[in-house]
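Using the hints, position chain U against chain A.
Heads up: the sequence lines are chains A and U, in that order.
Reminder that position 368 of the first sequence reads as 367 in numbering that gives the first Met the number 0, one-by-one numbering, no gaps.
Reminder that position 101 of the second sequence reads as 100 in numbering that gives the first Met the number 0, one-by-one numbering, no gaps.
To be clear, the hints were calculated from the coordinates, so they are not data collected in a lab.
Hints may be right or wrong, so weigh each one.
No copy labels: a pair is met if it fits in one copy or bridges any two.
[To be verified] In silico DSS-like cross-links for lysine-lysine, where the CA-CA straight-line distance does not exceed 30 Å: (1) Lys223 <-> Lys138; (2) Lys322 <-> Lys225; (3) Lys340 <-> Lys60; (4) Lys340 <-> Lys225.
Number of protein chains: 2
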Amino acid sequence: MSRIAPPLNPPVRILMGPGPSDIHPRVLAAMAKGTVGHLDPYYLQIMDGLQEMLRGLFRTKNPMTFAVSATGSAGMEAAVVNLVEPADSMLVCVNGVFGARMADVAVRAGAEVMQVARPWGEVFTPDDLQDALAKAKPKVVGIVMAETSTGAWQPLEEISQLVRDSGAMLLVDAVTSLGGVPVEVDEWGIDAIYSGSQKCLSCPPGLAPVSFSPRAVEAVMNRKRKVQSWYLDITMLANYWGTDRVYHHTAPINMSYALYEALRLVHEEGLEACFARHMLNHRALRAGLAALGIEYAAQEGHQLPMLNAVRIPAGVNDAKARKALLERFGIEIGGGLGDFKGKVWRIGLMGHASRATNVLVFLAALESLLAEQGHKFDHGASIAAANEVYAK
Amino acid sequence: MSRIAPPLNPPVRILMGPGPSDIHPRVLAAMAKGTVGHLDPYYLQIMDGLQEMLRGLFRTKNPMTFAVSATGSAGMEAAVVNLVEPADSMLVCVNGVFGARMADVAVRAGAEVMQVARPWGEVFTPDDLQDALAKAKPKVVGIVMAETSTGAWQPLEEISQLVRDSGAMLLVDAVTSLGGVPVEVDEWGIDAIYSGSQKCLSCPPGLAPVSFSPRAVEAVMNRKRKVQSWYLDITMLANYWGTDRVYHHTAPINMSYALYEALRLVHEEGLEACFARHMLNHRALRAGLAALGIEYAAQEGHQLPMLNAVRIPAGVNDAKARKALLERFGIEIGGGLGDFKGKVWRIGLMGHASRATNVLVFLAALESLLAEQGHKFDHGASIAAANEVYAK
Numbered sequence: 000m001s002r003i004a005p006p007l008n009p010p011v012r013i014l015m016g017p018g019p020s021d022i023h024p025r026v027l028a029a030m031a032k033g034t035v036g037h038l039d040p041y042y043l044q045i046m047d048g049l050q051e052m053l054r055g056l057f058r059t060k061n062p063m064t065f066a067v068s069a070t071g072s073a074g075m076e077a078a079v080v081n082l083v084e085p086a087d088s089m090l091v092c093v094n095g096v097f098g099a100r101m102a103d104v105a106v107r108a109g110a111e112v113m114q115v116a117r118p119w120g121e122v123f124t125p126d127d128l129q130d131a132l133a134k135a136k137p138k139v140v141g142i143v144m145a146e147t148s149t150g151a152w153q154p155l156e157e158i159s160q161l162v163r164d165s166g167a168m169l170l171v172d173a174v175t176s177l178g179g180v181p182v183e184v185d186e187w188g189i190d191a192i193y194s195g196s197q198k199c200l201s202c203p204p205g206l207a208p209v210s211f212s213p214r215a216v217e218a219v220m221n222r223k224r225k226v227q228s229w230y231l232d233i234t235m236l237a238n239y240w241g242t243d244r245v246y247h248h249t250a251p252i253n254m255s256y257a258l259y260e261a262l263r264l265v266h267e268e269g270l271e272a273c274f275a276r277h278m279l280n281h282r283a284l285r286a287g288l289a290a291l292g293i294e295y296a297a298q299e300g301h302q303l304p305m306l307n308a309v310r311i312p313a314g315v316n317d318a319k320a321r322k323a324l325l326e327r328f329g330i331e332i333g334g335g336l337g338d339f340k341g342k343v344w345r346i347g348l349m350g351h352a353s354r355a356t357n358v359l360v361f362l363a364a365l366e367s368l369l370a371e372q373g374h375k376f377d378h379g380a381s382i383a384a385a386n387e388v389y390a391k
Numbered sequence: 000m001s002r003i004a005p006p007l008n009p010p011v012r013i014l015m016g017p018g019p020s021d022i023h024p025r026v027l028a029a030m031a032k033g034t035v036g037h038l039d040p041y042y043l044q045i046m047d048g049l050q051e052m053l054r055g056l057f058r059t060k061n062p063m064t065f066a067v068s069a070t071g072s073a074g075m076e077a078a079v080v081n082l083v084e085p086a087d088s089m090l091v092c093v094n095g096v097f098g099a100r101m102a103d104v105a106v107r108a109g110a111e112v113m114q115v116a117r118p119w120g121e122v123f124t125p126d127d128l129q130d131a132l133a134k135a136k137p138k139v140v141g142i143v144m145a146e147t148s149t150g151a152w153q154p155l156e157e158i159s160q161l162v163r164d165s166g167a168m169l170l171v172d173a174v175t176s177l178g179g180v181p182v183e184v185d186e187w188g189i190d191a192i193y194s195g196s197q198k199c200l201s202c203p204p205g206l207a208p209v210s211f212s213p214r215a216v217e218a219v220m221n222r223k224r225k226v227q228s229w230y231l232d233i234t235m236l237a238n239y240w241g242t243d244r245v246y247h248h249t250a251p252i253n254m255s256y257a258l259y260e261a262l263r264l265v266h267e268e269g270l271e272a273c274f275a276r277h278m279l280n281h282r283a284l285r286a287g288l289a290a291l292g293i294e295y296a297a298q299e300g301h302q303l304p305m306l307n308a309v310r311i312p313a314g315v316n317d318a319k320a321r322k323a324l325l326e327r328f329g330i331e332i333g334g335g336l337g338d339f340k341g342k343v344w345r346i347g348l349m350g351h352a353s354r355a356t357n358v359l360v361f362l363a364a365l366e367s368l369l370a371e372q373g374h375k376f377d378h379g380a381s382i383a384a385a386n387e388v389y390a391k
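For reference, chain A alone in the conformation it holds in the complex (with noise of 0.2 Å):
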C-alpha cells in the first residue's frame, strides 16, 4: 500500500527570521538547473568558483575555503572536530545558544572544555578573555560573531590578537555574520571559521561555507588521532576540494548552483554595497520600532543589523502575535530561543530579505496586531521614522 502525501504546494512567505531569509529569484531559479555528475569537467568549474566566490566573501586567501556539504551547524562541528582532538583544551565564550552549542560539540569531540560566560545580549571584551586563557592555556578558542540567540554582535579584532598572542587558534562562528557585516578573516587572523547558506546569502539552507587558516591546517594534518568524523574530515576534503579531485562523498550539486549564484549576487552588489544596505534596513527598522516603543535585547552599540532581538511589548502575547503575522501578512519573524523564550522576537533582515518592502509591510503589520491587542503607540509613526531614516 503506497501513501502518497498531498501535491507540494507551499504558501508565499517573506521570511524575516533567524534564516533561511528570503531567496533570491535567481538562486531558486539555479537550483532547479540541470544536474552534472560530481566529478563532471563542468561541476570542477563550478566548485573553483564558489571557492573564490567564498574566499573573496570571507577575504582570505586559504586554500582550505570551501562549502561544507550539510547545514551551518555541520560547519560548526567540521571546524571543532577538525582542530581539536581529545584531551585538548578548548576555551569557549558562551553568551547565547549558539555559544553554548559550540561547547557541547567540544565535549563531544573529547575536548577539554573551559567556558567563559557573558549574560545574553552582552558581548566580550578581551579583559574576559585573559584569566581564562592564562589558566587553560587552550589550545583552541571559540567564539560567535552574530550570536543569533540574542543579536549581538561580537567585536572580534582585539579578541583575535590577544588570542593569537597567547598561541592559541581562534576559531570564529559567522553563520549569522557573513554578506552581512564585514568578515576579515585574514586581517584577523581567523584559524577556521564557518557560516550557513540560509542567512545573508539569500540562499536555501543546505551548505556551510567554511575557511581553515594554513596553520589550522598543518595542525590537522600532523594530528595524533584520525579526526572523529569521515564526511568531515578536512584531511580527505582537501585532496575532493583540492587540485587532485579525490572523491570523497557525492557532492550536493544543485545545492552547489544555489550557492555559486547567491555567491555571484553578493559580488555584482559589492561586498560594501551589501553590507551598506544591511545597515540601511536596519536603521530604518530600528527607527520604526522605537517609535512603537520597542527596544533591542542585546547591548547598545553591538546590535546585529541582520538580526534584530527585541523585547516583545508587555501585554504582547507572543505566540498569538506571530501566528497572526504569518497566517495574515505571510511574515515570519522567529521567537526566543532559550532564556529569551517568550521575551524576545528575532527579526532578520538577512541578504534578499534586507530591503526596504520588508520593512515597510512588517512595521504596518505590526502595527495592525499590536493595536489589536491594545497596546497604545502613535499610529503610523513607525513607518513615519523608518521612512526618514531611508529619506535621508
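Only chain U this time, still in chain A's reference frame:
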C-alpha cells in the same frame, strides 16, 4: 575586489553513472518552489509526508525514520556513530569501497572493529559470518546491501536472521538499493539503515534517508556517553522529527521539497512496478552488453539491476572512452574505484535514468566508440538484443 564567476550554465547530461542519476523534471521543479521557514506549519506537514513516504519505501513502521540533512555518506556516519560507543565491538563485512568506508567510520567512532572480507564482486553467505560472530560477539554487524563499487547485490534474509540470533544489531547500507530493489526493514529485522537521495530516487544528492528500529533507538537512548556527533545525534533529532518539533538545526528546506516530490513519484508508480522497471531495463542492458562481449564484474546471480559494473573490454582505453561518451553524447558513466580502477565501468540505471531510451542510446553510443577503438563485434547486435528483451 569582487571576483564574479561565470554565469551558471550546466551542460545537459544523461546521468548513467553511480549517482547522481537523472533527476525527474518534477523533482527539479519542486526544488525551485518558494522556501518556507523550518518551523513553518507547512514545513512540518512536509516533514510528516517525508517520514510517512520513507516508511512506505523502507517497508517499516519505525517512528525514527527521516532524512539526515546531508548526503548518503553522512547517513552512514549517522547510523554508525549512534549505535557504537568507544570500545563497542562492531563486525563489518567488506567486499568493496563502501564496506571499507564503514569500517573506517566505525574505527573513528572508537569501535573495536573486526572485518570479514570477500573478494570484490562477491557477496557474503551466512557461513562467512559464523566464525566472526562467535569470536567477536559484536554489538553491531554492518553490511552493504548494494556495493556501488562492484555492483554486487547482497542477499540479507538469512544473514539478518543469523545476526539477530547472535544478539547483535544489524546495520545496512542501502544507498544504491533503496527504490530500485525490495528493501524490507521490518521483515528482515534491520536495526539501522541509510540511503541517499541521488540514486534510485531521481533526486539530487543532499539528503540521506535513514531508519532506526525501536531496539536501536532504545540502545542509543541508553548510551553511556553522548553521541560523538552533535549534528547526527538521533536523541536530539528525535525531538525535531518527532511530535515535539524542538529546534535542532535549520533543515534544508528546498532539498526536502525535492525528496518529497521524488518519493511521491515512487509511490505513484508503486514499489513493485518501480522495481520491475529497474529489472527490465537492467535485463535489456545486460543483453545488449553481452552482444558486445562485455561481462559483469559481480558474481553471477548477484548483479544489481541499477548499478551495472562491467569489465572494460580488452584493448579499450577507459579514460578516452568515458571522455568521448561525455563530450560527444552527454552520457556520464562511472569509472572503477580502488581495485577496479581502469578495469571496470559502472553503468547506472537508477530512478529516472532507468528507462529504455537511456539503455538504447547508451548502447548505440558505446557501439560507435568501440568501433572507433577497433573492438570487433556484430554491429547493431546490442540494440537488437536489448529490443528483444523489451519486446517480450
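Right, here's what the structure says about each hint:
{"no.": "1", "hint": "Lys223 <-> Lys138", "verdict": "both (14 Å within a copy, 27 Å between copies)"}
{"no.": "2", "hint": "Lys322 <-> Lys225", "verdict": "neither (47 Å within a copy, 35 Å between copies)"}
{"no.": "3", "hint": "Lys340 <-> Lys60", "verdict": "neither (40 Å within a copy, 35 Å between copies)"}
{"no.": "4", "hint": "Lys340 <-> Lys225", "verdict": "between (39 Å within a copy, 26 Å between copies)"}
Violated hints, in rising order: 2 and 3; the structure is consistent with all others.
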